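Undergrad: Chain by chain, the residues run as shown.
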Amino acid sequence: MRTETMAASDKYEAVIGLEVHAQMLTETKLFCGCSTKFGAEPNTQTCPVCTGMPGVLPVLNRKAVEFAVKTGLATRCRVSPYSRFARKNYFYPDLPKGYQISQYELPLCEGGYVEIVLDGAVKRIGITRIHMEDDAGKNIHEGAGNYSFVDLNRAGVPLMEIVSEPDIRSPREAAEYMRKLRSIVRYLGVCDGNMEQGSLRCDANVSVRPVGQKEFGVKAELKNMNSFRFVEKALEYEIKRQIQVLEEGGKIVQETRLWDSAAGVTHSMRSKEEAHDYRYFPEPDLVPLVTGQETIEAAASSLPELPDALRGRFVSGYGLPEYDADLLTSEKSVAGWYEEAVKAGGQPKAVSNWMMGELMRLLNEEGKSIEECLVRPAQLAGMLQLIDQGTISGKIAKAVFEEMYRTGRGAGDVVKEKGLVQISDEGAIEAVIDEIIAKNPAEADRLRVGEEKLMGFFVGQVMKAMKGKANPQLLNELLKKKLR
Amino acid sequence: MKLNELTIAEVRRLLDNREVRPREVLDDVYGRIDEVEDRIKAYITVTRENGYAMAADAEQAILGNRASLLTGIPVAVKDNLCTKGVLTTCASKILHNFIPPYESTATGKLKEQRYLLVGKTNLDEFAMGSSTENSRFHTTRNPWDVERVPGGSSGGSAAAVAAGECIAALGSDTGGSIRQPASLCGVVGLKPTYGRVSRYGLVAYASSLDQIGPLTKTVEDSAILLSAIAGHDPFDSTSAPVEVPDFARVLGQEIKGMRIGVPKEYFTGGMDREVADAVYAAIRKLESLGAMPVEVSLPHTGYAVATYYILATSEASSNLARYDGVKYGFRAEGKDLMEMYRNTRAQGFGAEVKRRIMLGTYALSSGYYEAYYKKGQQARTLIRQDFEKAFEQVDVIVTPTSPGAAFRIGEKATDPLQMYLSDIFTISANLAGVPAISVPCGFTAGGLPVGLQIIGKHFDEEAILKVAYAYEQSTEWHARRPSL
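For the protein sequence lines, the chains are A and B, in the order given.
Be aware that the first sequence starts at 1, since it is given in the working numbering, and climbs by one per residue.
Be aware that the second sequence starts at 485, since it is given in the working numbering, and climbs by one per residue.
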């Protein structure tokens with residue numbers, strides 16, 4: 001039952017669908033032989049075809065079809081045996097032909113889904129369609145006075161547009177869905193997933209409706225969100241904005257809104273009335289694309305083990321929680337590293353904890369990927385064994401691991417060289433305990449009469465004096481014996 | 485007799501027998517151009533220097549016994565075919581300064597054979613028109629009566645052939661643009677099957693209808709030139725991967741027993757009396773050669789013109805979007821991007837081109853697409869099926885090429901609909917994709933040529949060439965030359 005005090009945001013539910021553009025990792029462009037390499041001097045990777053000169057014609061890049069088919073299969077889509085290209089017409093200086101060659105009525109892939117994991121639960125997000133299209137160039141406004149420059153290196157680079165069903169219900173789900181797509185295309189090797197460089201881009205359709213209502217609300221289309229964080233932030237902002245408009249008795253207008261990451265707001269770019277009429281029609285310069293069963297089967301047989309399958313295997317085979325399994329399988333290289341460490345004798349959950357904790361923290365600090373990591377999986381397994389054997393404590397292990405991370409040396413070497421072996425000698429620990437009690441007689445008395453929280457103080461003091469090397473279990477036992 | 489008056493086959497013999505040199509043929513061609521071009525205005529650009537350089541090359545090939553059929557033959561090329569390093573304007577202000585850095589596949593094949601490029605011929609702007617009056621540069625005159633139009637859009641090529649300003653020419657045909665001017669100028673014009681000749685480098689008007697083809701003095705030359713330019717091209721996905729026969733081989737074969745379809749819908753009035761008489765006489769002539777006239781029905785003929793003007797203009801509206809002043813060609817300045825676009829296109833395109841862009845834009849607009857473009861596609865299918873059915877009964881179909889002989893300059897210029905109707909008999913072949921040829925079949929009392937159109941099955945150019953050759957050889961029409 002709803003009450004007066006219920007927050008406005010709880011009365012509404014967001015409905016979100018994403019359109020993700022993924023740049024395909026082909027060597028050459030979608031309709032000509034120009035290189036797709038990023039970062040070249042402006043207009044050095046162009047030819048008459050991708051600059052839209054008179055009389056030239058597009059020729060479809062078969063590799064791009066293969067990549068799109070793979071992506072379709074990996075997202076459980078039906079691959080259409082007969083698809084068509086269509087022209088999407090609009091004027092813009094970075095669009096040399098005056099139209100984009102896309103797919104409209106008959107896309108290559110339809111009707112799939114991906115799974116995301118949120119708060120330990122698995123949710124399916126439907127994929128409406130995946131189609132191919134060519135990218136536009138870039139307008140450059142700096143250093144040109146009253147003019148702008150156009151760089152057509154990107155014009156014609158192959159894109160997949162992956163359109164989701166309106167199954168997403170929160171900004172977090174949206175970001176998670178994006179991460180999952182990124183993970184899939186990277187597993188497949190069909191896209192590098194780099195959002196900053198724009199090889200993975202995202203537009204969102206978002207609306208809100210009162211909880212329980214079936215019909216969708218009026219939607220806004222959000223553009224210009226070039227990181228996972230911005231996808232989440234922009235959606236959060238937009239949902240709040242729409243709820244506020246409705247709460248104040250206003251109406252949502254259908255429009256395209258631009259996310260301004262600096263200001264943290266979205267603002268209106270164009271209304272429905274100003275929306276382009278793209279005048280789609282079948283591309284007469286290309287014959288219909290026939291994708292035979294052999295092509296589909298060849299693509300299917302070349303698919304690697306995908307993140308969802310791997311996640312399932314990590315849960316059932318290693319007994320990992322969904323959360324761990326999802327995180328460890330988001331990157332093929334991370335998953336591979338994990339499996340190697342377990343194979344080398346690391347206890348599965350312990351390996352997971354160390355990877356998601358220390359290893360990821362250290363890599364993130366330096367912005368490095370796991371491929372660049374000096375520690376090898378077997379070395380982590382070796383260190384875990386030292387903990388199990390009681391040679392080092394978990395606490396010391398952190399220091400050991402950091403040293404391993406920096407130097408690439410094994411745990412045994414590091415422990416020996418730095419003298420980090422755990423002290424389990426009762427006499428040695430007792431001697432230090434006595435020393436500390438002698439220095440802090442008042443605190444010792446208070447603990448003896450029941451001020452339990454001082455226990456921590458004494459553990460800390462002894463550890464400090466022993467440079468953290470005391471066997472913590474033993475230390476606890478001995479302290480209790482002496483101070484009770 | 486001057487060398488410029490000869491056919492490809494005749495010049496070939498002289499060149500191969502070393503009786504004349506390529507340069508001498510060119511001397512006579514350019515001599516004729518000097519003599520009559522100010523009255524005919526067939527050319528936009530005369531490439532004299534280029535031509536002589538190519539002649540030197542051709543001579544070397546002939547002396548080295550490396551000559552092929554077109555080595556050293558002076559050919560005129562319609563100015564909507566891209567020629568590397570040679571101005572290619574489409575008779576439009578918007579491309580008034582465009583020099584392509586690439587060669588069309590069709591002219592490239594001629595270049596491989598070391599043909600001689602005489603110059604680039606006049607046309608209706610972007611091949612949109614039936615009289616060359618829509619050229620932004622000048623109107624070409626009909627060599628049979630310089631007060632009359634040569635037809636269009638390949639009017640420059642047809643007039644150049646008729647006036648002896650070249651040995652042969654290339655044109656393009658979207659709705660009759662080779663056949664109608666061939667008919668009006670008393671020469672042979674052939675539109676190949678859609679897909680027979682690569683469109684790469686042909687500046688697109690309507691991509692699903694455009695075909696490049698020869699304009700020649702004789703049927704034999706037509707076969708020779710078609711053999712040279714035909715064939716699958718990896719740079720044009722719509723070019724057909726079918727074998728190219730030696731078209732000249734079938735010439736001279738008997739037509740006895742061939743069934744000649746006479747479509748009743750084409751002979752219902754609306755055509756000039758003298759044209760009808762000439763065509764009926766031609767049918768009787770074919771009968772006397774042993775062919776059997778059979779009445780056939782093409783029931784959707786009445787929809788052809790309307791269908792054409794929906795589909796061709798729809799494609800044109802998109803094909804011409806690239807002329808935006810950004811990358812090449814004409815640019816009119818403006819205070820911002822939108823104004824630059826507007827000024828460039830307003831000043832750069834002529835009235836007929838703008839009319840067709842607007843018509844096509846309208847037909848593709850959301851809300852009208854179903855009623856116009858989609859309906860047009862359906863009608864096109866019906867028209868194609870008409871031909872498929874008719875060709876179950878007959879080998880070729882004969883019709884007049886044009887409902888009237890050459891009209892006076894200015895006579896139809898102010899009435900676009902009247903102008904559109906001059907293509908009423910030729911449009912269907914483009915919509916159906918079938919090949920068709922126009923051969924001279926008589927003269928009006930006023931001394932103007934009349935053309936007979938022979939239409940064939942898909943990829944059966946051999947049949948129409950065979951019938952056209954048999955007819956030509958049994959008549960004297962092709963031997964007449966205009967007195968200038």
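Hints may be right or wrong, so weigh each one.
Quick look at which bits of chain A chain B covers, simulated, 3 or more residues with Cβ under 8 Å [said to hold, decoys possible]: (1) 97-103; (2) 340-353.
Chain A is nowhere near these chain B residues, computed Cβ spacing over 10 Å in every case [what the hints assert, rightly or not]: (3) Gly515; (4) Pro584; (5) Pro585.
Simulated from the structure, these hints should not be mistaken for laboratory data.
Predicted model only: the values in this text are computed from it and were never measured.
Positions of the beta carbon are idealized from the N, C-alpha and C atoms, including for glycine.
Undergrad: Taking the hints in turn, state whether each one holds.
TA: Results for each hint:
Residue count for the segment 97-103 of chain A with a Cβ under 8 Å from a Cβ of chain B: 3. That meets the three needed, and the coverage hint holds. Under a criterion of three residues with beta carbons nearer than 8 Å to beta carbons of chain B, the stated coverage of the segment 340-353 of chain A fails, only 0 such residues being counted. A cut-off of 10 Å between C-beta atoms confirms that glycine 515/B is not in contact with chain A; the least separation is 32 Å. Not every beta carbon of chain A lies more than 10 Å from that of proline 584/B, the smallest distance being close to 7 Å; the non-interface claim is violated.
Not every Cβ of chain A is farther than 10 Å from the Cβ of proline 585/B; the closest lies at roughly 7 Å, contradicting the non-interface assignment.
Of the hints listed earlier, those the structure fails to meet are numbers 2, 4, 5, in rising order.
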